[in-house]
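As a plain string of letters, each chain reads:
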Amino acid sequence: MARMKFLCDADRCIECNACVTACKNEHEVPWGINRRRVVTINDGLPGERSVSMACMHCTDAPCASVCPVDCFYTTDDAVVLHNKDTCIGCGYCSYACPFGAPQYPQTANFGTRGKMDKCTYCSGGPEPDMSQAEYVKYGANRLAEGKLPLCAEMCSTKALLAGDGDIIAEIYRERVVTRGYGSGAWGWRDAYGETVTV
Amino acid sequence: MNILAKFGAALSLAFAVAVMAPQAQAQVNPTAESVSEEALFQALGTEGVVSGRVSIPDQSAGNLIKPVNKDWAALHGNTVVTLSVIAVVGMLALLTLFYVVRGRIRVDSGLSGRTILRFNSIERFAHWTLASTFIILALSGLNLIIGKSVILPLLGEGAFGTLSAWGKIAHNYLAWPFMVSLALIFLLWVIENIPNKLDVEWIKVGGGLFKKGVHPPAKKFNAGQKVIFWSVILGGAALSYTGFMLLFPGIAGSFTDWQFYQLIHALVAAGLSAIIIAHIYIGSVGMEGAFDAMGSGEVDENWAKEHHALWVEEVKGGKSGSAKGAATPAE
Numbered sequence: 001m002a003r004m005k006f007l008c009d010a011d012r013c014i015e016c017n018a019c020v021t022a023c024k025n026e027h028e029v030p031w032g033i034n035r036r037r038v039v040t041i042n043d044g045l046p047g048e049r050s051v052s053m054a055c056m057h058c059t060d061a062p063c064a065s066v067c068p069v070d071c072f073y074t075t076d077d078a079v080v081l082h083n084k085d086t087c088i089g090c091g092y093c094s095y096a097c098p099f100g101a102p103q104y105p106q107t108a109n110f111g112t113r114g115k116m117d118k119c120t121y122c123s124g125g126p127e128p129d130m131s132q133a134e135y136v137k138y139g140a141n142r143l144a145e146g147k148l149p150l151c152a153e154m155c156s157t158k159a160l161l162a163g164d165g166d167i168i169a170e171i172y173r174e175r176v177v178t179r180g181y182g183s184g185a186w187g188w189r190d191a192y193g194e195t196v197t198v
Numbered sequence: 001m002n003i004l005a006k007f008g009a010a011l012s013l014a015f016a017v018a019v020m021a022p023q024a025q026a027q028v029n030p031t032a033e034s035v036s037e038e039a040l041f042q043a044l045g046t047e048g049v050v051s052g053r054v055s056i057p058d059q060s061a062g063n064l065i066k067p068v069n070k071d072w073a074a075l076h077g078n079t080v081v082t083l084s085v086i087a088v089v090g091m092l093a094l095l096t097l098f099y100v101v102r103g104r105i106r107v108d109s110g111l112s113g114r115t116i117l118r119f120n121s122i123e124r125f126a127h128w129t130l131a132s133t134f135i136i137l138a139l140s141g142l143n144l145i146i147g148k149s150v151i152l153p154l155l156g157e158g159a160f161g162t163l164s165a166w167g168k169i170a171h172n173y174l175a176w177p178f179m180v181s182l183a184l185i186f187l188l189w190v191i192e193n194i195p196n197k198l199d200v201e202w203i204k205v206g207g208g209l210f211k212k213g214v215h216p217p218a219k220k221f222n223a224g225q226k227v228i229f230w231s232v233i234l235g236g237a238a239l240s241y242t243g244f245m246l247l248f249p250g251i252a253g254s255f256t257d258w259q260f261y262q263l264i265h266a267l268v269a270a271g272l273s274a275i276i277i278a279h280i281y282i283g284s285v286g287m288e289g290a291f292d293a294m295g296s297g298e299v300d301e302n303w304a305k306e307h308h309a310l311w312v313e314e315v316k317g318g319k320s321g322s323a324k325g326a327a328t329p330a331e
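Line by line, the protein sequences give chains R and Y.
In terms of the numbering used here, the first sequence opens at residue 1 and continues consecutively.
In terms of the numbering used here, the second sequence opens at residue 1 and continues consecutively.
Distance ranges between label pairs, derived from CB positions:
1. R:T197 / Y:T162: 42 to 52 Å
2. Y:N78 / R:G146: 32 to 42 Å
3. Y:A159 / R:T197: 42 to 52 Å
Hints listed in this document are in silico derivations from the structure and should not be mistaken for laboratory results.
Built from N, CA and C at the ideal position, the CB exists for glycine as well.
Just chain Y, same shape as in the assembly:
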């Protein structure tokens, strides 16, 4: 079978040569037998790059024409910008709507005046390092997406250019404390964020978010907080990896790789920013008593009983006197 096919191919090739030869001889013109741009593009298909040899040291300059780069330009210029705006503005609109409908989530049984230590100083330090660097990274990143249509008309080209240049420097440097605190957060909280059966129950009743007086039981972290945790860890890891590659383009590879990393970086950043906006809302104006957990670290006992009933039991059951230093569940 195989031999037959080869024989057939050889035969047809010989036939083609025999037919072509006289024609080629008739109109031979050595200078005209050149490569043509059109023929090269046809041979390359849609993904191709026309490249050759250059005599300068930078061998990447040998890539003569890369039409695919325009596809990235269109993708970034239109799709990424649109998706980023939808993610951020959409989340702000949703939260406004939620606030109008549900209002501030109060502690149903009122504040008790007694407090329990929820997050110790190391946890708060890690959280706030991560939070502050993320906010600057997100804002300086968002500036690259919508700055030219929002901030540029307000500031003018000179001031906007200076601001964006500082934003780039901040982005490059603050990425490192962000990555360190991301790793620290992971180590501190991963055990308590492993999903379990309680989370199913919590999700079934919507976490009590949408109905007053509904408080599904939860340990230190409820399912909603676990979603935030894993979004931050996985999204943050993706941002760190792609960001590292963009910071060291030499390690990342070539143009195609940079374009890929840039797209992932921008899309994950938009998604994570939307999630974090919701996180900031529920941790501040959205819920009474929630900010204290990360502010002073001490939460009101009634707040804790409503939102983390099982965790309170664990802390109370395991302690002998004060709640101090018992931030992690005892056994």
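In isolation and in its complexed conformation, chain R is listed as follows:
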């Protein structure tokens, strides 16, 4: 089994936001929720870089450690998923996440949050793979179809990489060596406890 990770090569990202759009369309993500977003650092300044960010599917995920109802689980591919039937929308995972991944639809009075929604690494939820119930709650299950997450697959500059951590780290490492620079594997240190060294 692979250890799935995301890596955004910020030196290639052109902030086209196609990953964001593709994600929303593929999973029919509700209004107001962005499972993936592109953040531009040093906007308008020399050295500006854009980073596409979603749930990083952390090792020892902090969201899972604080969840009071224990609705998170890690798949064999090391993808961090959650069960929306168990989730109570308390918001703790959003307090704990370093990447702002958990999102909530506002469903009722006060600040009541609905069931948490986040990137599933295109691999659905606890329901049977590719079932209608799974699609309604979590969106498409591309991993079950043998495909990688759509955001990375359709990235026009191949900035966003998805796949086995060792393989995408090696691809990134080669790029950095070839072109002579790299702004880093964004979020890796916080998600996986190690970054890509070149």
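Take the given structure of chain R and dock chain Y to it, following the hints.
For chain Y alone, kept in the frame of chain R given last:
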């Protein structure tokens, strides 16, 4: 002095530029002069958040990486859970030990059969509204701390999820009657709970809790009850304020504020729960005759004489016939 320092700084800056310039020119590569994650983190220190611009309406999504959130996760996941368990289990153990050693505190002179009105219906209504809402709030809150290790294995994920979801709804709604009755309790009893010299005497002899036959004089509320009163008022106020902020995260501010309010809320709740467990014990199985004060509102005269001698004098001295309606001390 100041001018000299500025001049020195300017000089060293000019020197640095002069030294650096040829080097930078030699290997200029515009695409390589990018921000790097490592450099950003170093510049930010330990408290920082790497953020930028986003083109979606939710501007808070501009926070790219917030490593400090993991500190809260560790604090909540370990420290808060441990402290809460220690507070609740520790208090239960202490009370069990107290019961084994001291047993039930009896009315030394026996029950007289005559009763005095101690708490009128408004006081009892306020107390029981506060008490019942607190118990549900405390249990649904405690469920969020230890439920996943205690109740989840018993019920299974589906039933536990449903229970916790209802617990959250109950927590959100019952917070309001809790706050109203907390304010009512404060108004009803604050005058009689202002600390005075008698309390020092009461505390010196441990309230007679640990020794049979010792009964320090007290007015309507003794020092122990005053401790409960102020714990409930101050703890309840802290819980209300932080809870309100957690209920309306938009008013509270940002993630850092929510994390702060959550920590205060959880720690105060654990402490107050421990105190209330002791209060429930002494008001029920722990002491003979104590429950009547909040049950029927009428306490036995001998119980009252032993635990609230000065209050009995006040009530008896001020009344002309019956004790009814004389729950508050007359002058």
